[in-house]
Amino acid sequence: MSEAATAPAPAPAVSLFNVPGMHCAGCIARIERGLRDMPGVLDARVNFTSKRVRVSHREEVDGDSIRAAIRKTGFSAEPFVGESDPAAMLESRRLVRALAVAGFASMNVMLLSVSVWSGADGAMRQLFHFLSGLIALPAVAYAGRPFFTSAWGALRQGRTNMDVPISVGVLMACAISVYETAVDGPNAYFDGAVTLLFFLLAGRFLDSVMRARSHDAISALMRQAGNGAAVILPDGSHVWHRGDQLMPDMLMLVAAGDRLAADGIVESGSSSLDRALITGESRPEPVSVGSRVLAGTINLDGPLTVRIEAVGDDTVIADIARLIEAAGQSKSRYVRVADRAARLYAPAVHGLALLALVGWLLAGAGWHQSILIAVAVLIITCPCALGLAVPVSQVVAAGALMRSGILVKDGSAIERLAEADLVLFDKTGTLTLGRPVPLGPLPLAGDEKAAALALALASRHPLSRALARALEAEGVAPAEVSELAEEPGLGVSGMIGRTPARLGRPAWVGLRVAESGDPDSLVTAFRMDGRPARALAFSDSIRPGAAEAMGLLREAGLPARILSGDRPGAVEAIAGTLGLEALGGLGPGDKVAAIRHLADQGGKVLMVGDGLNDGPALTAAHVSMAPSSASDVGQSAADLLFLGDSLLPVAKAVIAARRTMRIVRQNFALAIAYNILAVPLALMGLVTPLVAALAMSGSSILVVANALRLRSAAR
Amino acid sequence: MTGLAFLIPCALLLGLAGLGAFFWALRSGQFEDLDGAALRILLDDDEEGAGDGGDDREPGARP
Numbered sequence: 001m002s003e004a005a006t007a008p009a010p011a012p013a014v015s016l017f018n019v020p021g022m023h024c025a026g027c028i029a030r031i032e033r034g035l036r037d038m039p040g041v042l043d044a045r046v047n048f049t050s051k052r053v054r055v056s057h058r059e060e061v062d063g064d065s066i067r068a069a070i071r072k073t074g075f076s077a078e079p080f081v082g083e084s085d086p087a088a089m090l091e092s093r094r095l096v097r098a099l100a101v102a103g104f105a106s107m108n109v110m111l112l113s114v115s116v117w118s119g120a121d122g123a124m125r126q127l128f129h130f131l132s133g134l135i136a137l138p139a140v141a142y143a144g145r146p147f148f149t150s151a152w153g154a155l156r157q158g159r160t161n162m163d164v165p166i167s168v169g170v171l172m173a174c175a176i177s178v179y180e181t182a183v184d185g186p187n188a189y190f191d192g193a194v195t196l197l198f199f200l201l202a203g204r205f206l207d208s209v210m211r212a213r214s215h216d217a218i219s220a221l222m223r224q225a226g227n228g229a230a231v232i233l234p235d236g237s238h239v240w241h242r243g244d245q246l247m248p249d250m251l252m253l254v255a256a257g258d259r260l261a262a263d264g265i266v267e268s269g270s271s272s273l274d275r276a277l278i279t280g281e282s283r284p285e286p287v288s289v290g291s292r293v294l295a296g297t298i299n300l301d302g303p304l305t306v307r308i309e310a311v312g313d314d315t316v317i318a319d320i321a322r323l324i325e326a327a328g329q330s331k332s333r334y335v336r337v338a339d340r341a342a343r344l345y346a347p348a349v350h351g352l353a354l355l356a357l358v359g360w361l362l363a364g365a366g367w368h369q370s371i372l373i374a375v376a377v378l379i380i381t382c383p384c385a386l387g388l389a390v391p392v393s394q395v396v397a398a399g400a401l402m403r404s405g406i407l408v409k410d411g412s413a414i415e416r417l418a419e420a421d422l423v424l425f426d427k428t429g430t431l432t433l434g435r436p437v438p439l440g441p442l443p444l445a446g447d448e449k450a451a452a453l454a455l456a457l458a459s460r461h462p463l464s465r466a467l468a469r470a471l472e473a474e475g476v477a478p479a480e481v482s483e484l485a486e487e488p489g490l491g492v493s494g495m496i497g498r499t500p501a502r503l504g505r506p507a508w509v510g511l512r513v514a515e516s517g518d519p520d521s522l523v524t525a526f527r528m529d530g531r532p533a534r535a536l537a538f539s540d541s542i543r544p545g546a547a548e549a550m551g552l553l554r555e556a557g558l559p560a561r562i563l564s565g566d567r568p569g570a571v572e573a574i575a576g577t578l579g580l581e582a583l584g585g586l587g588p589g590d591k592v593a594a595i596r597h598l599a600d601q602g603g604k605v606l607m608v609g610d611g612l613n614d615g616p617a618l619t620a621a622h623v624s625m626a627p628s629s630a631s632d633v634g635q636s637a638a639d640l641l642f643l644g645d646s647l648l649p650v651a652k653a654v655i656a657a658r659r660t661m662r663i664v665r666q667n668f669a670l671a672i673a674y675n676i677l678a679v680p681l682a683l684m685g686l687v688t689p690l691v692a693a694l695a696m697s698g699s700s701i702l703v704v705a706n707a708l709r710l711r712s713a714a715r
Numbered sequence: 716m717t718g719l720a721f722l723i724p725c726a727l728l729l730g731l732a733g734l735g736a737f738f739w740a741l742r743s744g745q746f747e748d749l750d751g752a753a754l755r756i757l758l759d760d761d762e763e764g765a766g767d768g769g770d771d772r773e774p775g776a777r778p
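As you go down the protein sequences, you meet chains A and B in turn. This note's numbering puts the first residue of the first sequence at 1, with every later residue one more than the last. This note's numbering puts the first residue of the second sequence at 716, with every later residue one more than the last.
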């Protein structure tokens, strides 16, 4: 308490939301104005490029109410977690500055070089070489730092990497050019050195844009446990305890609407719990005295007294966090395509340059000429095209995917997605929408709809929300309502004008429903006085585009299966509809075990899931996708996110990833073919600065042009 | 020949000015939201009471 009192004005909290629906200037204005009008919101700024809105607000305003405010402006919004890593952002900034300097220097040096190539000689040539050096040396010192530091770091540990030949090549080229300028020789490579840096930095920059953002699923997870609870002391009084002060055997009081902060057993009271966070199950689960309840679930209906059994690290939610952590460790061993190529390439380049030097020395060419040729070999073989081949393709493909609603969160995700040979789907929330939608048209008259909406908006129960969403989608405006009251566990009542109305449990509303045989449908009821009660049935429905997506995946040679934590009966119903194999009743650990088993047989699994219970499986799989409606944990653990309700993006992403890797392989082939042509020329000592500049630019442009064909990859 | 003594520094200075302008633009966040900036020009700021500075500063003004 005292901390809060002494602190200066509290720093505003910042929340990010994905708003995939925005598409015009009007949308930006509507969202920003709608949010700025909301009390407690300090500022709202839409980033149209990433389809995100950044809201800074006071601490007491929670994410749900901001989301509701965005919904009121007519857009669906999902909280965005895993804000891009600030370290990666700084790295990109540093590289783009180095790129700008290298670009400036290479253009100006090239201008002077062209004059030399077109016949300037004598004092004029020396002057131009001198000016080139004056521009190039500071530029190399600034723009070359990313390569020099990395090469130095590798050398100090006795290793070599791609940056070693680059650094040696650039430094040697500069040194020999300074010497040439001093003795008025014809071969200054200043242009080669800075152009090389320019192309390499372009590749490096694009790569850093795609770099992995932190998969911080675990901190996202621990935010989900309630942050404290009111504890009942032996003398009957209540004291608020923070999450880390709770101990087993304490009695905690959980009001309706609160998130549980610890695992335990219900001592008194009955209610229902929203367990979506843990199991991904949308259906509220009824609990009464003696039931086990878990941290992270939300108490929906009435107050509960819970005897705490496990807190902090012992809760089920912490178990899941540990599973995610363990699964993540095995995944970091993936070596990206470009790095694999570099491992083979670097020693070859060193070898060739050394060979040229020794060969020409033995042939009696003298130190000066031999070094000149060795430098030419280093510059020619420097992996410009190779360094651009992968990042350009991936950036272009990620842009194309983004335009069709798929966000690539991890740099190597596209590579891994292209390798996938089996798809596993979670059921609830992934194959299905994960939220109840009305079964068939709602049996309500026009004015009843307005009244039902008014009552539904007053409650946070999942079915009320579903009803409100459905009615709002029909364009119904809520009626004026007074004397609103929510009866815990029963429903909402209120006066519409002079008529009392009720929305809630069928029996409370006055409707006798037979215990329906279908356990997957949920029934609520609505009644206005003087009219018959209406039964409103809901169920979780399959995502649109699911069947089509399965067809496309089958065509691509990817068998799909369902891996669900739900009852086997419920799973089989959906499996039958979509024609998939299915496994039901799996816990988070079982899913990971299933994936491990497949991986041991050489399978590369694409896991598509959304819930917290899928977190470990998403992390353990070779590559993973989640819908943007997924839990925080699902979103942070997955490599790719798809926006919107349709399941089609899953198939689209796989096809686009495969096409991207095809282009990457073509680019590698182009780069290698270029080397096979140019290296013998360099070894023979035929490469002048002019030839080097042309060859280098030519191959890089070819590779970039080829990658640009991916712009339509995700159609 | 004396033309060169004038033209080369001229070219370099212009190039450096461009580089400086790019650094400034990068620092002030002009590249944060390229598609959004293209659309924001269409917004009417009248309702919000355009009191704080010129409208043309809007897109990049935030730190």
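It should be emphasised that the hints constitute simulated quantities derived from the structure, not laboratory data. These numbers come from a predicted model, not from an experiment. A hint or two may mislead.
[Unchecked claim] Here are the in silico distance ranges between beta carbons for each label pair: (1) A:Arg242 to B:Leu749: 28 to 34 Å; (2) B:Leu734 to A:Gly587: 56 to 62 Å; (3) B:Asp759 to A:Ala599: 53 to 59 Å; (4) A:Gly40 to B:Cys725: 54 to 60 Å.
Idealized CB from N, CA, C, for every residue including glycine.
- Hint by hint, which ones does the structure fall short of? 1
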